[in-house]
Amino acid sequence: MSDAILNQAYDVQRVREDFPILARSVHARKGKPGKPLVYLDSGASAQKPRQVIQAMTRFLEEDYSNIHRGVHFLSQTATDQFEAVRTKVARFLNAPSDRCIVFTRSSTEAINLVAASYGRTFLNEGDEVILSIMEHHANIVPWQLLQAEKNIVIKVVPCDEDGVLDMDAYKDLLSDRTKLVAITHCSNVLGTVTPAKAIARLAHERGVPVLFDGSQAVVHGTVDVQDIDADFYVFTSHKLYGPTGLGVLYGKYDLLKKMPPYQGGGDMIESVSFEGTTFKAPPSRFEAGTPPITEVIGLGAAIDYVEALGRDAIAAHEHDLLQYATQQLSQIDGLRIVGTAPGKGPIISFALEGVHPHDVGTIVDQYGVAVRVGRHCAEPLAERFDVGPTVRASFGLYNTREEADALVQSLQAVKEFFGA
Amino acid sequence: MMDDLRELYQEVILDHGKNPRNFRHPDDANREAKGENPMCGDRFMVYLTLKDGVVDDVAFQGRGCAISTASASMMTELVRGKSAAEAEKLFHAFHELCTQDEPDIPEGVDDETMEKLMVMSGVRQFPVRVKCATLAWHAMNAALHGEAAASSDQF
Ligand SMILES: Cc1ncc(COP(=O)(O)O)c(C=O)c1O
Numbered sequence: 001m002s003d004a005i006l007n008q009a010y011d012v013q014r015v016r017e018d019f020p021i022l023a024r025s026v027h028a029r030k031g032k033p034g035k036p037l038v039y040l041d042s043g044a045s046a047q048k049p050r051q052v053i054q055a056m057t058r059f060l061e062e063d064y065s066n067i068h069r070g071v072h073f074l075s076q077t078a079t080d081q082f083e084a085v086r087t088k089v090a091r092f093l094n095a096p097s098d099r100c101i102v103f104t105r106s107s108t109e110a111i112n113l114v115a116a117s118y119g120r121t122f123l124n125e126g127d128e129v130i131l132s133i134m135e136h137h138a139n140i141v142p143w144q145l146l147q148a149e150k151n152i153v154i155k156v157v158p159c160d161e162d163g164v165l166d167m168d169a170y171k172d173l174l175s176d177r178t179k180l181v182a183i184t185h186c187s188n189v190l191g192t193v194t195p196a197k198a199i200a201r202l203a204h205e206r207g208v209p210v211l212f213d214g215s216q217a218v219v220h221g222t223v224d225v226q227d228i229d230a231d232f233y234v235f236t237s238h239k240l241y242g243p244t245g246l247g248v249l250y251g252k253y254d255l256l257k258k259m260p261p262y263q264g265g266g267d268m269i270e271s272v273s274f275e276g277t278t279f280k281a282p283p284s285r286f287e288a289g290t291p292p293i294t295e296v297i298g299l300g301a302a303i304d305y306v307e308a309l310g311r312d313a314i315a316a317h318e319h320d321l322l323q324y325a326t327q328q329l330s331q332i333d334g335l336r337i338v339g340t341a342p343g344k345g346p347i348i349s350f351a352l353e354g355v356h357p358h359d360v361g362t363i364v365d366q367y368g369v370a371v372r373v374g375r376h377c378a379e380p381l382a383e384r385f386d387v388g389p390t391v392r393a394s395f396g397l398y399n400t401r402e403e404a405d406a407l408v409q410s411l412q413a414v415k416e417f418f419g420a
Numbered sequence: 001m002m003d004d005l006r007e008l009y010q011e012v013i014l015d016h017g018k019n020p021r022n023f024r025h026p027d028d029a030n031r032e033a034k035g036e037n038p039m040c041g042d043r044f045m046v047y048l049t050l051k052d053g054v055v056d057d058v059a060f061q062g063r064g065c066a067i068s069t070a071s072a073s074m075m076t077e078l079v080r081g082k083s084a085a086e087a088e089k090l091f092h093a094f095h096e097l098c099t100q101d102e103p104d105i106p107e108g109v110d111d112e113t114m115e116k117l118m119v120m121s122g123v124r125q126f127p128v129r130v131k132c133a134t135l136a137w138h139a140m141n142a143a144l145h146g147e148a149a150a151s152s153d154q155f
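Which chain is which? The protein sequence lines are A and B, in order. Take the first sequence: its position 317, counting from 1, is numbered 317 in full-length UniProt numbering, and each next residue is one higher. Take the second sequence: its position 68, counting from 1, is numbered 68 in full-length UniProt numbering, and each next residue is one higher.
In case anyone wonders, no lab produced these hints; they're calculated from the structure. Treat the hints with care, as some may be off.
Claimed, not checked - Covered stretches of chain B (chain A as the covering partner; in silico rule of three or more C-beta atoms under 8 Å from a C-beta of chain A): (1) 8-14; (2) 58-65; (3) 138-144.
Unchecked claim - Straight-line Cα separation of at most 30 Å, DSBU-like style, residue types lysine-lysine; simulated pairs: (4) B:Lys116 to B:Lys89; (5) A:Lys258 to A:Lys197; (6) A:Lys150 to A:Lys30; (7) A:Lys415 to B:Lys18; (8) A:Lys150 to A:Lys258; (9) A:Lys415 to B:Lys116.
In this text the structure is predicted, and so the values were computed from the model without any measurement. Note that CB positions come from ideal geometry on N, CA and C, so glycine has one too.
I would like the entire structure built from these sequences, with the hints used as guidance.
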């Protein structure tokens, strides 16, 4: 019932007007009009609303300077605005303090930071890190680098045919040797939302900290790091309608405090001498060098934007799209959806019998439909479902049912083409 | 726009993609190389049987899209019976056709062979698919030179 009310209030056409790029067409040439863009690749990167673009432009035109360094007027103005976004991000995740928010370059860098700083310091030979089968490479490879260096052991939680994380297997993998759990909060291929709270509780019973990769999860629902009781939580700005080049690491302060710097440089030191250098407290300790200042301002505007629309309203809209698209796609003969977990996010990966995803991608693109094809940086998962590469349609707050229809129509064209 | 698609996915290509020729592993193969496209996961093994400097047999196995499969299949038909030097020349000719608007074709490729190579040239309009078209050819060329693998990262 509440869904219906929220959906009525959600005016997607109005929302689309905020995204200049959605008005463009693609493949126009020599006097021939193109096809309207049907952007179903927000899972890879989301488009930006005018509010974000304008906030960054305004900042560059009016308030830009380096931060944390100057006594002059602009430096103070820029620093204030920059730090205000840290507070905003803390509120966005319901973090207890903005001291728990570290700005990084991306989710990838945030995870590498934890692996390099926490991992190198607190993990030793034979210690185990538990990952899941549905991790993005960003949450696999940093641990493998640590494995090569420290001889740690990586354990992998499997999932079932629907893509639901196997919690019994997870319980069995937890042991006295487990020193860290690092698991996605929402799979970028299957859309599966993992039971973060239960994952954390079980790990905490053994005193093991947990990192969640929230790159997809923060986009599609409300995240409360204190309710989950996450020890680390990461996300990336560009999937949340913000600019590229910026990610966020949330860490419990007690943990961050124990961790050595990840990189060295300016802004992260208290004093430097050749006899010895002392480091600032977190989060500054982990923010060496000039950060992506303008991008942070952009992320602040992106958070304002999704909060103004309402995160529940967005989730309800996307849920409607997911259900509608799933239903329509299921009617296509020979189409197999990979990832059918209850409560999943608006991400649909599928294979079309007899047609390779790469060919699907090229043909639907000619109809203006942008989807991702390939293994989506999650090769182990592709192996697990024995599908090889797939086609992925991912929906964002600006997508419509008509766009789901356009996808279905373009897939019908693919089938005709290949006689599949 | 749909003309470009028709140009890319010509009937011959669809046919070779669906029913690839020489899709096998010859017992007497004495050269083999893997061709891999990490972006999409396409992966082929190309097998050569070189006898007295001539490609006596050529075949392939693996999994890929219609473009890469068809290209591999047509490659086997074109290369068989050619000398190693001729096979390498065909590789260069094909590469030019797929990547250059004004291809610089090596001398000595006969018209009939050129025509067959041309079938794939529609891929020029689809830059991200060029690696699909040239994957098995790169693997064939690697095998000719006694190398074990060709990765599209290096094309
Ligand atoms: C689940 C997940 N984790 C991590 C990443 C990496 O994000 P970034 O490339 O911005 O670091 C992505 C996006 O590609 C993702 O979907």
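Evaluated hints:
no.: 1; hint: 8-14; result: holds (count 3)
no.: 2; hint: 58-65; result: holds (count 3)
no.: 3; hint: 138-144; result: violated (count 0)
no.: 4; hint: B:Lys116 to B:Lys89; result: 15 Å, holds
no.: 5; hint: A:Lys258 to A:Lys197; result: 24 Å, holds
no.: 6; hint: A:Lys150 to A:Lys30; result: 59 Å, violated
no.: 7; hint: A:Lys415 to B:Lys18; result: 13 Å, holds
no.: 8; hint: A:Lys150 to A:Lys258; result: 19 Å, holds
no.: 9; hint: A:Lys415 to B:Lys116; result: 26 Å, holds
When held up to the earlier numbered hints, the structure conflicts with 3 and 6 and fits the remainder.
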